[in-house]
Every structure is written in structure tokens, then in C-alpha cells.
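Asker: Chains as they are written, first to last, in numbering that gives the first Met the number 0: chain A, 0 to 163; chain B, 0 to 163; chain C, 0 to 163; chain D, 0 to 163; chain E, 0 to 163; chain F, 0 to 163.
Hints are not guaranteed to be accurate.
[What the hints assert, rightly or not] Selected chain F positions facing chain B (in silico; Cβ < 10 Å):
(1) T1
(2) Y67
(3) G70
(4) L72
(5) S78
(6) K79
(7) M107
(8) I111
No lab work stands behind these hints: they were computed from the structure.
Beta carbons: idealized from backbone N, C-alpha and C, even for Gly.
What follows is the residue order along each chain.
Number of protein chains: 6
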Amino acid sequence: MTIAICPGSFDPVTNGHLDIIERTAAIFDKVIVAVLENPSKEPLFSAAERRYFLQKVLAHLPNVEVEYFQGLLVNYAKSKDAKVIVKGLRAISDFESEFQMALTNKKMNPEIETIFMMTANEYSFLSSSMVKELVYFGGNPEGFVPPLVVAALEEKLGRRRSGK
Amino acid sequence: MTIAICPGSFDPVTNGHLDIIERTAAIFDKVIVAVLENPSKEPLFSAAERRYFLQKVLAHLPNVEVEYFQGLLVNYAKSKDAKVIVKGLRAISDFESEFQMALTNKKMNPEIETIFMMTANEYSFLSSSMVKELVYFGGNPEGFVPPLVVAALEEKLGRRRSGK
Amino acid sequence: MTIAICPGSFDPVTNGHLDIIERTAAIFDKVIVAVLENPSKEPLFSAAERRYFLQKVLAHLPNVEVEYFQGLLVNYAKSKDAKVIVKGLRAISDFESEFQMALTNKKMNPEIETIFMMTANEYSFLSSSMVKELVYFGGNPEGFVPPLVVAALEEKLGRRRSGK
Amino acid sequence: MTIAICPGSFDPVTNGHLDIIERTAAIFDKVIVAVLENPSKEPLFSAAERRYFLQKVLAHLPNVEVEYFQGLLVNYAKSKDAKVIVKGLRAISDFESEFQMALTNKKMNPEIETIFMMTANEYSFLSSSMVKELVYFGGNPEGFVPPLVVAALEEKLGRRRSGK
Amino acid sequence: MTIAICPGSFDPVTNGHLDIIERTAAIFDKVIVAVLENPSKEPLFSAAERRYFLQKVLAHLPNVEVEYFQGLLVNYAKSKDAKVIVKGLRAISDFESEFQMALTNKKMNPEIETIFMMTANEYSFLSSSMVKELVYFGGNPEGFVPPLVVAALEEKLGRRRSGK
Amino acid sequence: MTIAICPGSFDPVTNGHLDIIERTAAIFDKVIVAVLENPSKEPLFSAAERRYFLQKVLAHLPNVEVEYFQGLLVNYAKSKDAKVIVKGLRAISDFESEFQMALTNKKMNPEIETIFMMTANEYSFLSSSMVKELVYFGGNPEGFVPPLVVAALEEKLGRRRSGK
């Protein structure tokens with residue numbers, strides 16, 4: 000059984016993330032979506048909120064689990080018996096940093112393989128930070144994030160926008 | 000059982016190709032190395048020679064087969080019940096054309112997934128055409144291609160170099 | 000009145016070309032689609048065929064004309080009193096050569112401005128040569144080119160494919 | 000009448016910005032230079048100062064106005080009846096983020112078109128932040144920014160440099 | 000006698016930096032490794048620590064000196080009678096910003112030349128910040144930095160990691 | 000004494016080439032401009048013509064010699080006791096292939112170092128093939144190539160253009 004990990008901040012999950020996770024679930028036996036808890040960053044949504052959104056929108060995929068992780072990704076992967084890390088690539092914008100990370104991870108643990116999928120065309124411009132900025136400036140994120148995230152974004156950022 | 004395809008011209012196979020195929024064989028149940036027969040191109044080695052080199056150097060991998068293919072890759076993949084196409088990416092040089100091909104293949108058959116692996120550091124500059132040019136100008140391709148290909152290259156290109 | 004030129008080989012016109020031309024026609028008073036006659040290249044479709052396809056699929060746009068051109072684009076633009084050349088950019092694949100051409104044209108005639116539009120997401124992987132290759136290998140180009148071009152491609156390339 | 004918008008922080012305006020604005024003014028009927036007021040960023044120059052510099056150095060162009068804007072650019076453009084947003088592209092450094100923004104804006108309002116101009120050769124390395132860094136470390140920004148901005152930069156940053 | 004400068008933050012020095020400095024020392028008469036003291040940034044290691052590491056690991060190269068610098072690099076180079084600035088390039092990740100800096104420096108002082116070397120293959124993914132992040136998350140930086148830096152990193156970041 | 004090599008086809012030499020050679024001559028003791036004789040390519044100008052142009056336009060530089068070379072560049076460099084190969088980089092368009100060649104050369108002979116200079120701003124779009132295309136289509140190459148090359152281009156390509 001091959002276990003694959005889809006790591007990320009998912010702050011919040013976008014339709015682009017979902018697309019990558021669903022395609023990963025179609026080719027590997029088991030997928031662990033790993034939500035990064037990074038104590039040195041301040042996410043918009045707590046790790047618990049981010050995991051909750053993922054669990055809700057991935058509930059239809061029986062071979063997908065959502066978990067937290069901290070520290071080095073390759074160590075986490077090893078602890079889960081995962082052989083594969085899956086990342087989405089959007090045009091060139093992710094290429095360099097992903098390349099650097101994949102080579103570093105390979106050096107840290109050569110038995111864990113990083114593979115890449117091209118982000119679907121319609122999500123090639125999509126990122127969590129772009130969605131947050133859009134909502135902050137009053138834009139409508141429908142079509143970019145799942146419906147339950149649309150509401151959550153508006154609540155968090157609408158309040159911030161109006162300075163409350 | 001997930002079947003993956005590693006397509007290419009392999010004219011000739013390089014150590015960079017081998018690295019990608021071996022890593023693919025470690026994460027998928029079965030790997031088909033598909034040698035492109037393109038009637039409109041003139042390869043240095045015939046399809047039979049290219050397949051022979053691959054069979055020899057991949058003989059230690061029980062879950063790898065070497066075959067020929069023509070026409071559209073997604074059609075070939077479907078005929079083999081393969082769900083996954085695996086390509087190696089070298090820094091930026093392959094990125095654009097691979098991106099275009101992956102999106103086109105996705106449009107032709109959304110059920111077949113293209114995934115990418117970063118070429119190992121030590122092969123990031125390696126390509127079949129670079130090796131052929133190197134040998135043509137009198138360079139030594141050891142370390143770039145498997146030993147049996149070193150000899151074959153020298154025989155074909157050494158003769159051409161001396162104008163015979 | 001500002002006249003804009005959309006130059007290209009259009010061998011054949013794709014839905015990506017149409018998208019750029021339609022968007023150009025929405026912001027400039029008059030648009031000249033200029034079909035390149037390059038005596039040193041062998042197109043699949045003759046200049047007359049390429050112009051005919053464009054005229055048919057652009058017939059709904061009253062401010063668009065389709066013409067031939069040869070030689071230096073800036074000279075042609077000047078002869079037509081056009082101030083603007085419009086090019087589509089697909090992710091990074093066109094960027095470098097377009098950049099070089101725009102700077103060269105600027106040097107040849109600083110009064111003619113080259114502007115760029117990002118190709119729509121759904122056509123970002125699309126090119127005339129990709130479509131021709133696809134059809135040559137037996138793929139279906141529907142959704143990539145206008146319907147009348149689908150038929151013409153199949154006629155030309157299907158015959159070539161079967162070696163007649 | 001086609002109205003085009005040249006948006007930016009202009010903190011401060013550089014000769015590269017001026018070049019793009021002048022070329023835009025040559026091909027569109029009316030140009031609105033839109034100075035971004037972003038409450039979450041701390042610019043070196045206040046929005047009023049940035050607008051003043053622009054008004055002074057653009058005074059010779061009768062079809063150019065300088066205004067403030069906040070919030071989503073496409074909403075602002077619509078409120079001004081502008082059909083076109085014009086951005087300058089410098090080699091590859093701006094390409095990715097501009098691509099992302101253009102596609103996002105297109106999704107938010109498909110009637111507003113983003114077009115790009117290649118930055119003139121001699122300004123291809125120029126950015127407001129580079130100029131600020133240069134002056135901060137004691138360099139002379141003449142030739143990079145208009146003369147009245149040279150003096151203003153020296154006053155602001157010279158003081159900061161000497162720790163007062 | 001041609002004097003070359005290798006400038007950087009070196010926070011801390013990596014094996015990639017050492018490779019570039021050693022190759023520079025092989026082609027120029029004298030090399031000054033210039034440690035940037037930037038009052039507006041908070042490095043992990045003090046300038047004195049960074050210089051000490053460099054002096055230790057470069058002690059075998061008689062034509063290399065390690066010094067501090069502040070302010071504009073071209074001014075510093077001139078004060079040292081250096082004609083050449085040497086920078087390492089890693090794949091595309093450094094290209095754009097290095098290009099911008101080289102052109103700016105050229106404009107500030109055309110007599111000082113910036114030259115580039117490709118980072119050796121095995122260090123192409125290596126950066127000081129990547130190493131710091133790796134150690135912060137519990138990874139082992141051996142092979143990435145010289146042995147005396149391994150110990151120093153663990154001491155500084157291990158403490159920070161455990162929140163002391 | 001450090002000897003540097005500036006290799007190229009120089010078919011024909013452009014002002015961008017001259018800029019790189021002059022800057023190289025300012026930092027190295029001796030510079031060998033090495034004109035590639037590639038039997039498998041058909042240049043516009045013969046090797047003798049290309050060398051003659053270079054000798055004429057470089058006559059003012061006493062430490063520059065113009066020679067022919069064939070075969071592997073690193074072997075040629077070694078035969079000339081040259082330690083350094085100098086290449087010009089134009090924005091991103093040369094980066095990838097230069098990167099690949101530099102790494103290959105390093106592998107073939109680690110004692111020969113390849114260094115890069117950024118092409119001056121005003122030549123960043125310039126290449127021999129662009130100039131040839133320009134003249135072929137009737138454009139004026141003044142400012143792109145030295146005056147004696149302007150005449151030679153017009154003679155060769157003007158004749159070809161008019162089909163004689």
C-alpha cells in the first residue's frame with residue numbers, strides 16, 4: 000500500500016488544493032492531508048479551523064485523512080510510512096521554491112519521493128493569500144474556495160476590514 | 000494495481016532517465032517504459048536499439064517493462080490501463096513544454112494523470128542531445144550514460160565525426 | 000481613431016487567437032488581423048486559406064479586417080497608420096521572444112507601440128503547432144480551433160498521416 | 000472614448016513609470032493614474048506627496064489625470080468607466096505576479112481588460128524599492144527618478160540614514 | 000593585480016559560498032570576502048561571528064581576506080581598488096535580483112564589473128535561510144555548511160527551538 | 000597571467016558581443032576571441048569573414064587575439080592555457096542553455112572556469128540571428144552591428160532577399 004502526503008498551510012483550503020488532493024486520491028491507496036502548524040507564523044484560521052474545512056470538503060473521499068504536522072516534513076512522512084509527498088505546481092510561480100524544497104527533502108531522506116502535479120488550468124492563478132487579499136478588499140471569493148470557506152472568510156476579514 | 004508510464008525518445012537513455020525510472024518503480028506497482036517511434040524524426044539509434052539498451056540497464060527491476068509506442072500518448076496509456084504518466088523535470092528547461100503537454104493530455108483524457116519528478120541534482124544538466132553533441136566533438140560521455148551506451152555512442156558518432 | 004494590428008501566422012487560427020482578437024476589438028476603434036506571408040516557411044495552410052478561416056470566424060466583428068503582410072511588421076503598421084501592435088502572452092512560453100521582438104520593433108520605429116494581453120486561462124497551453132501535432136497523431140482538436148478549422152485540419156493531416 | 004488606468008503605489012514615481020504613462024497617453028483617449036492608498040502598508044511618501052509628484056511630472060500631458068484609489072482595482076476601474084488597465088512588465092521579474100493579478104481581475108470583472116507594455120530597455124532594472132535602497136545607502140538616484148523626486152528622496156532618506 | 004570582491008551576508012557561510020570563493024581565488028590575484036553589516040536587518044550571527052567562520056574555513060587560501068562592508072557595494076569596491084564583483088547564480092532563483100543589482104551597480108560605477116559563476120550542481124538548492132529553517136525544524140545541516148558552523152547553528156537555533 | 004576565452008559563432012559580430020569582449024579585456028591579462036568552425040552548420044559568413052570583422056573592430060585592444068576553434072571548447076581552452084571562459088547573458092533567454100553548457104564543461108574539465116557577464120542594457124534584445132532576420136526583411140541594422148558589418152550584411156542578405 001502506497002501512502003501519499005499532501006502537505007500545506009491550507010489557510011484556507013482553495014479549490015486548487017481540492018483539485019490536487021482529489022487527483023492524488025485517484026492514484027494512491029491512501030492520502031494524508033497534512034496541515035502545517037507553524038508556531039512562528041500567524042495564520043488567518045487556526046489549525047483546528049483549517050483541518051475542519053478540509054475534513055468537511057474531503058468527506059466524500061474514503062482514502063483521505065486530514066492531520067496536523069510540525070517540524071521537518073520528511074520526518075513526519077517517515078513516521079506515517081508515507082513514501083510520496085505530492086505538491087501542486089502553478090505555472091512558474093511555485094517552481095523554484097518547490098524545486099529547492101524537493102532537493103532538500105531528498106537529501107534529508109532519499110527514500111521519500113516528492114512528485115508534482117500541474118495545477119488545473121482554471122486554478123493556475125489561485126492562492127490562499129490572493130483569496131485573502133481579494134476578500135479583504137471587498138471582492139467575492141465564490142468559485143475560488145468551497146462554499147463553507149466563503150462564509151468563514153467573509154466573517155473573519157469583513158470584520159477586520161471594517162476595523163472592528 | 001496502479002500502472003505508470005515513463006515515455007520518451009531515449010535516443011539514447013541517459014543516467015538521468017534511469018534515475019527517474021528507478022524512482023518511479025519504487026512507488027508504483029508496474030512501470031511501462033514507452034519508447035517513442037516517431038516516423039517523422041530521424042533518431043541516432045533505431046527504436047530496437049533504444050529498447051535494447053533500456054531492457055539491459057533496467058533488467059534488475061522486476062516491475063518494469065520496455066515497449067514501443069506511436070501516436071497520442073494518452074491513447075497508448077489508456078490501451079495499457081495506465082493511470083499515470085511520469086516525466087522528469089530539469090530545472091526550468093523542461094518546464095514550459097511539459098506544462099503544455101500535461102494540460103493538453105489532461106484535456107484529451109482527464110482520467111490519465113501526469114506527474115513530475117525533479118531530476119536528481121547530478122543529472123540536472125543532462126540530456127540525450129547534449130550527450131550526442133559531446134561525443135560528436137570528441138568528449139567522453141562516461142558518467143552521463145550507462146557503460147553499454149558509451150561504447151555504442153562512440154561507435155556511431157566516432158565514425159560520423161571522421162566523416163566515414 | 001486608434002488602429003491596432005494583430006499579427007501572426009495563424010496556421011491555423013486557434014480559439015486562443017480568436018479570444019485575443021475579440022478582446023482587442025473591444026478596446027480599439029479598428030483592428031487589422033495581419034496574416035504573415037513568409038516565403039521562407041512552408042505553412043500547412045496557404046495564406047489564402049488562413050485568411051479565409053479568419054474572415055469567417057471574425058465576421059461578427061464589424062471593426063475587424065483581415066489582410067496579408069510581408070517584411071518588417073513596423074513598416075507594415077506604419078503603412079496602415081496603426082499605432083498599436085497587439086500580441087497574446089501564454090504563461091512564460093512566449094515571454095522571451097516577444098520581449099525581444101517588442102524591443103527590436105521599438106528601436107526600428109518608436110512611434111509604434113506593442114502591447115500584450117494574457118491569454119485566457121483555458122487557452123494557455125494552446126498553439127497552432129500543438130494542434131497540428133495533435134491532429135497528426137490522431138487526436139481530436141474540437142474545443143481548440145473553430146469548427147470549420149477542425150474539418151480542414153482533419154482533411155489535410157489525416158491524408159498526410161495515412162501517407163497519401 | 001476609451002479610458003485607461005495606470006495603477007500603482009508610485010512610492011515614489013520613477014522614470015520607468017513615467018515612460019509607461021506617456022506611452023499609454025499616446026494610444027488612449029484618457030489616462031487615469033491611480034495612486035494606491037493601502038491602509039495596511041507604510042509608504043515612504045504619503046498618498047498626497049505621491050500624487051503631487053505625479054501631477055508635477057505629468058503636467059505636460061493634457062489627457063492624464065492623477066487620482067487616489069482604494070479597494071479592488073476592477074471596482075475602481077468600473078466606477079471610472081475605464082475599460083483598460085495598463086501595467087509595465089520588466090523582463091521576468093514582474094511577469095508571474097502580474098499574470099496572477101490579470102487573471103484574477105478578469106474573473107472578477109471580464110469587461111475590464113488588462114494590457115501590458117514592456118518597460119523601456121534603459122529602465123528594465125528600475126523599481127521604487129531599488130531607488131529607495133540606493134538612496135538609503137548613499138547612492139545618487141539621478142537618472143532613475145524625476146529631479147523633484149531626487150531632492151525629496153534625499154531629504155527623507157538622508158535624515159533616516161543619519162539616524163535622526 | 001586584479002582584486003575581486005565576493006560580497007554577502009554569509010549568515011552563516013554555506014558550502015555553496017565556499018565553492019564560489021575558492022573558484023574565484025583560483026582565477027584572480029586577490030579576493031576580498033566582504034561581510035555585509037546591514038544595520039536594518041537582524042542576522043542570526045553577528046558580523047564578528049560571520050567573519051570568524053569565514054576566516055577559519057578560508058585559512059588555506061593565501062590570497063583571500065575577509066572584511067566588513069556597509070553602504071553601497073560599488074563605493075566599497077572602489078575604496079579597495081577592486082575591479083570585479085563575483086556572485087554565484089543558483090538555477091533561476093537568483094537570476095532576476097542579481098540581474099537588477101548588476102545593472103544598477105554598472106550605472107553607479109561603470110568601471111566595476113560584476114561577473115557570475117554557476118553554483119556547483121550539488122549546492123544548487125542551498126541557501127543560508129534554507130539551512131537555518133532546516134536546523135530550526137530539527138534537521139541536520141551536515142554537508143550543507145562547514146563543521147564549525149554545524150555546531151554553532153545547533154547551539155543558536157536549538158535553544159530558540161526549545162523556546163529558551 | 001590569466002588568459003580568458005570569449006567563444007562564439009559571431010555570425011556576424013554584434014555590438015553586444017563587442018561590449019562583452021571589451022569588458023573582458025579590462026579584467027583579464029589576455030583575451031582569445033574564439034570563432035567556432037562548426038562543419039555541420041551553414042553560417043551566413045565564412046569563418047574567415049567572421050574572424051576578419053572581429054579583428055578589425057577589436058584592433059584597438061592590444062591584449063585581444065582572434066582565432067578559430069573546433070571540437071570541445073574545454074579542450075581548446077586547455078590547449079591555450081586559458082583558465083576562464085567568458086559568456087554574455089541576456090535576460091533569461093540564454094540562461095538555461097548556458098547553465099547546461101557551463102555544468103557540462105565543468106564536468107569535462109573542472110580546472111576551467113566559466114564566468115558570465117550581464118549583457119549591457121541597450122543590447123539585451125540583440126542577437127546575430129535577430130539582426131540577420133531584420134536585414135532580410137529590409138530593416139536597417141545600424142546601431143546593432145559595427146559599420147563594416149552593416150555593409151556586409153546588406154550585400155549578402157539584400158541579394159538573397161531579391162532572390163538573386
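Asker: Determine which of the earlier numbered hints do not hold for this structure and return their numbers in increasing order.
Answerer: 1, 2, 5, 6, 8
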